[in-house]
Amino acid sequence: MSGNTGSGENVLAFERLVLPHLDAAYNQARWLLQDEHDAQDVVQEAMLRALRYMGTCRSEEAKSWLLQIVRNCCFSWLKENRPKDRTFGSGDVDPWDDIAAPAEGEPHTAAIRNATRLSVNKAISALPVGYRDVLVLREFEELSYAEIATITGCPIGTVMSRLARARAALRRILTAQDAPFSPTPISLHDRNPIAFGESRDADSPDEQPLPATTRTTL
Amino acid sequence: MTPQGDSEKLSALLDSELGTGERRVLESRLGLEPALWCELYALQCVRTGIRTMAQRYTAPSGLRARIVRAMVRSARPRRSARRPFNWMRLLSFPSSMSSAALAGAAACIFASVMLIELAPVSQAPGDMRLMQAAVSSHTRATSRAQLVEVGSSEPGVVQPWLRDHLSPRPPKNLTSNEGAVLVGVRTDKLDDISVAALVYRVRDHVVHTFVWPTDGPNTDVASASVEGFSVSRWSRAGLRYCVVSDLPEAQVLAFAQSLAQANQVP
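Listed in order, the protein sequences are those of chains Y and V.
Our numbering puts the last residue of the first sequence at 216; the count rises by one with no breaks.
Our numbering puts the last residue of the second sequence at 274; the count rises by one with no breaks.
Only chain V is shown next, with the shape it has when bound in the complex:
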């Protein structure tokens, strides 16, 4: 084994990081000292082995979306500051705009331009915001130990709870034909709107169906992919529905269509 000083110089020689003088001295020694030459050869073997065979990890596909979700969350202004954004003010008086509003706006722009994968249907800004809020709520809830406030799949238990917490006219049918089992229900908020979150399970996957009253017209089921999650939403009989899950988009859409069909107004 060569002395440590020689090992360092050989390693640096291999990396083309040795100064001119030291390199010349070392190269002349290499011609005279076979042991030194073997050492250099062994070092090159090691380097070649690392560069050709070692694992180079690439960021998982969900990491980018996860980072952006965290950015949007961290940039979102506090609720007390929530009001319609004045774009003219941004254009006219950038220096007077609060940094929180600017950061929130920038993050929303960034998210919408860069990383939010949306279905090829047009979505109103409010719709997109609610879908993002639904996805955030889904991810928050699934990382918590307690998903539901009332754990039951019995309509006789869940329906009265919905009447008390959601609307005097809750969804008539809470079952779906897509192998989803109702686990329970809890209250939640999506972008300051109080909603009921119906929690289903399909195998190991959690499916959230957020429901809240709306004055809007009935709409058909539409699906999208938001931040890597499948989202379907529709309106029926004065209620707005939004389904979120990490299941494939087609499966979530089928679940949503089944639920919408079950609550079809005659």
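Same shape as in the complex, but just chain Y:
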């Protein structure tokens, strides 16, 4: 990086607002690039870029702002180093159609059948990067569609479409692996008109409701 990193005030703001999200930034880069060393390099570059442009960061959006920079750095890196990985799920073409789910009898499928955590990780890793992109932001960072749309620069409809396709693709591969999930059954009688997804998940630590500021009006 050349040039200056910013004023002392920006450095302090960076320390307070951005550095706490280093883990989220690394997780995002790690999933997008699929390599720990590449992820570290790209996150370092992204953090330096974030410091340089710290003046444009609003405190209430610091996490989304940082993840947007990390994402841009990841895709720039992919463009330069692994151009074939930059496959997006557009509205018309489902790249997953070109990627066959592992067949039932394939040796590696049999090997991971009893290791569900591993099989979930492998299934996510096998997704086209454009799907992985939105899936990580939604499932790990629990960002709203609007926030994901801002980060990815896509319309909300595209975010919705990519997420649905990503989940469908995951379902296909996990079903093929017989991954033994034990989800909480959904009851049709549980009809909280405001939070369909929240009412049955309230007890699960992994399913915390979104903060009010990020929840989309229903």
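Treat the hints as calculated values from the structure; they're not laboratory data.
Be a bit skeptical, because a hint or two may be false.
Stated by the list, open to error - Chain V regions said to be covered by chain Y (calculated; three or more residues, Cβ under 8 Å):
1. 14 to 25
2. 45 to 54
3. 66 to 75
What the hints assert, rightly or not - Which residues of chain V face chain Y? A few of them, derived with a C-beta cut under 10 Å, are:
4. 57
5. 58
6. 62
7. 78
Given the structure is predicted, the values throughout are model-derived calculations rather than measurements.
Built from N, CA and C at the ideal position, the CB exists for glycine as well.
Assemble chain V onto chain Y, guided by the hints.
Just chain V now, with coordinates in the frame of chain Y:
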């Protein structure tokens, strides 16, 4: 399999991201269409699987230090601008201060406050700066293909080189009892000070011993952890030593004490 439009709506329903009207329509359909209901259930299985079982990566412990090192490096003003920093000027005329100096100062403050792990002994600012420079030199050198200018462990080769490049009175003994093998030597600069960098190897680890002449008094070996690296330094017989490695601090300290002992003035 449900149509793509339904899949998207079910996925959005699961995320509480569907508009009121669409949600009501979809919920009423769920009561009538078992296939749609199964689809929603399957989607929830997938989501639960991801949220409970997928790997969430955390930043490696060294990444933070690495980022700060890069920040300090990028913020450091050019050598031509190097002069004692005027803190009064910073307080009195912030607008007139060059951005390079401000960035350098800010990065140094940040590094010292946030991320530089120092031993519980007091260190002069110059000492800290030199240790940081030594760590930077160590990391730069270990990422290069060529670590040394003169590759030899023979005192008969290295000593004359040190006399030519460092001081007429180089360290008398270059060996240590801690299993370190001298690989060679090169010239380097730490914060504009010309130094000799003695390069040792302990198994797969590189140990740098930077040596340069000093007018200061003899000092005992002191150790610290700087940006994740172990650093030991001392002064003896008109020479200042600074050892840097990614080995554990205790091991680097033992190496330094052994080298200091070997060069003890009688």
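A quick look at each hint next to the structure:
1. 14 to 25: holds (count 10)
2. 45 to 54: Result for this restraint: holds, n = 8.
3. 66 to 75: holds (count 7)
4. 57: Cβ of residue 57 of chain V sits 5 Å from chain Y, so the hint holds.
5. 58: Status holds, d = 5 Å.
6. 62: 5 Å, holds
7. 78: Check passed: Cβ of residue 78 of chain V comes within 6 Å of chain Y, closer than 10 Å.
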